[in-house]
Amino acid sequence: MKFAIALFSAAHAPSSRRALLFAQAALAGGHEIVRLFFYQDGVYSAANSVVTPQDEPDIAQQWRALVSEHQLDGVVCIAAALRRGVLNAEEAARYQRSAVNLDAPWALSGLGQLHDAIQDADRLICFGGP
Amino acid sequence: MSRSLLVISRQAPWSGPSAREALDVVLAGGAFDLPIGLLFLDDGVFQLAPAQNAKAVQQKDVTANLQALSLFGIDEVFACSHSLAERGLSAPDSAQPLSSEQISQMIDRYDQVMTL
Numbered sequence: 824m825k826f827a828i829a830l831f832s833a834a835h836a837p838s839s840r841r842a843l844l845f846a847q848a849a850l851a852g853g854h855e856i857v858r859l860f861f862y863q864d865g866v867y868s869a870a871n872s873v874v875t876p877q878d879e880p881d882i883a884q885q886w887r888a889l890v891s892e893h894q895l896d897g898v899v900c901i902a903a904a905l906r907r908g909v910l911n912a913e914e915a916a917r918y919q920r921s922a923v924n925l926d927a928p929w930a931l932s933g934l935g936q937l938h939d940a941i942q943d944a945d946r947l948i949c950f951g952g953p
Numbered sequence: 019m020s021r022s023l024l025v026i027s028r029q030a031p032w033s034g035p036s037a038r039e040a041l042d043v044v045l046a047g048g049a050f051d052l053p054i055g056l057l058f059l060d061d062g063v064f065q066l067a068p069a070q071n072a073k074a075v076q077q078k079d080v081t082a083n084l085q086a087l088s089l090f091g092i093d094e095v096f097a098c099s100h101s102l103a104e105r106g107l108s109a110p111d112s113a114q115p116l117s118s119e120q121i122s123q124m125i126d127r128y129d130q131v132m133t134l
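These protein sequences, in sequence, are chains G and P.
For the first sequence, the tail end lands on 953 under this note's numbering, and the numbers increase by one without skipping.
For the second sequence, the tail end lands on 134 under this note's numbering, and the numbers increase by one without skipping.
FYI, nobody ran anything at the bench for these hints, they're computed from the structure.
This one's a predicted model, so the numbers in the text were calculated from it and none came from an experiment.
Backbone N, C-alpha and C fix where the C-beta goes; we use that ideal spot for every residue, glycine too.
Any given hint could turn out to be false.
[Said to hold, decoys possible] Across the chosen pairs, the derived CB separations fall in these ranges:
1. Q120(P) with A912(G): 45 to 55 Å
2. E914(G) with A74(P): 41 to 51 Å
3. S108(P) with Q894(G): 22 to 32 Å
4. M824(G) with A67(P): 32 to 42 Å
5. K78(P) with G908(G): 12 to 22 Å
6. S122(P) with M824(G): 21 to 31 Å
7. D945(G) with S122(P): 15 to 25 Å
8. S108(P) with P876(G): 14 to 24 Å
9. A912(G) with A69(P): 20 to 30 Å
So that you can see chain G by itself, here it is in the shape it has in the complex (with noise of 0.2 Å):
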C-alpha cells in the first residue's frame, strides 16, 4: 500500500514518537511511502537543533535516519516553518537570520506537496496532538 504520512507536532509529543513507528513498521511490512509532509507543529520534529537528554530517544534525530536510509521524500511545510523559526540555510540567508536548524535529508516546500501525496498516496495517514 502507499501511504502520506502528516505530522503536526513535534519531537517531543508522543504521536511524533508513534509517527515515527508508523513509518518504520509501514516500511517494514513492504509498504511504501510516497511523502513525509511536516506541517504546523510537526516542523519542529525536522529541527537539527533538538537536544534530547542522553538517555532519551532523540526523535528528530531518528526521523532524520529514516528519511536519510530509506531515500524518502521528506518535506516540511515552508510557511509553517518559517513562523515557527525552522529555516534552512536559504532561508536564513534570504530573512537574514543568524540560525540555521532545517538541513538535508529534509526539503521546504509548499501546501501543494501534501496535496500532490494525498493524490497519489491509497491512504493518508495523519499524526497529531499529543
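Using the hints, position chain P against chain G.
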C-alpha cells in the same frame, strides 16, 4: 479522478495558528481544483461566529478568508450542529449544519480525511 479530501477544523480562530493553517490546506487544494470539503467541529465552529473583533487580539481576520472559499471552488462547507448548539451559536449562512449521524456518513464519502 482526483481523490477527495475532507479537512476537519477543530480549533477556535484565535487560539493559535491552527485554524488559519487548516484553512490554508483547504485553499491550496481549491487552487489545484481538487475536491475538498471543510467541516467545522468542536471549538472550530467559533470560526463561524459573527462580528469577530480580530484586531482586539492583534490578529488578522480569518473570517475574511472564509468568504473567499467559494472563489476557490470550495462549496462543501459544513458545521457540526451539536458543536454549534453547545456553544450557543446559531447556524451560519456560510456553512451547512449537519447532525452527528450526517457527519459520519459524510466522512465515509471522502477518500481522505485530515483533522487539524
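We went through each hint and held it up to the structure:
no.: 1; hint: Q120(P) with A912(G): 45 to 55 Å; verdict: holds (49 Å)
no.: 2; hint: E914(G) with A74(P): 41 to 51 Å; verdict: violated (32 Å)
no.: 3; hint: S108(P) with Q894(G): 22 to 32 Å; verdict: violated (52 Å)
no.: 4; hint: M824(G) with A67(P): 32 to 42 Å; verdict: holds (41 Å)
no.: 5; hint: K78(P) with G908(G): 12 to 22 Å; verdict: holds (19 Å)
no.: 6; hint: S122(P) with M824(G): 21 to 31 Å; verdict: holds (24 Å)
no.: 7; hint: D945(G) with S122(P): 15 to 25 Å; verdict: holds (22 Å)
no.: 8; hint: S108(P) with P876(G): 14 to 24 Å; verdict: violated (51 Å)
no.: 9; hint: A912(G) with A69(P): 20 to 30 Å; verdict: violated (45 Å)
Of the numbered hints given earlier, the model fails hints 2, 3, 8 and 9; all others are met.
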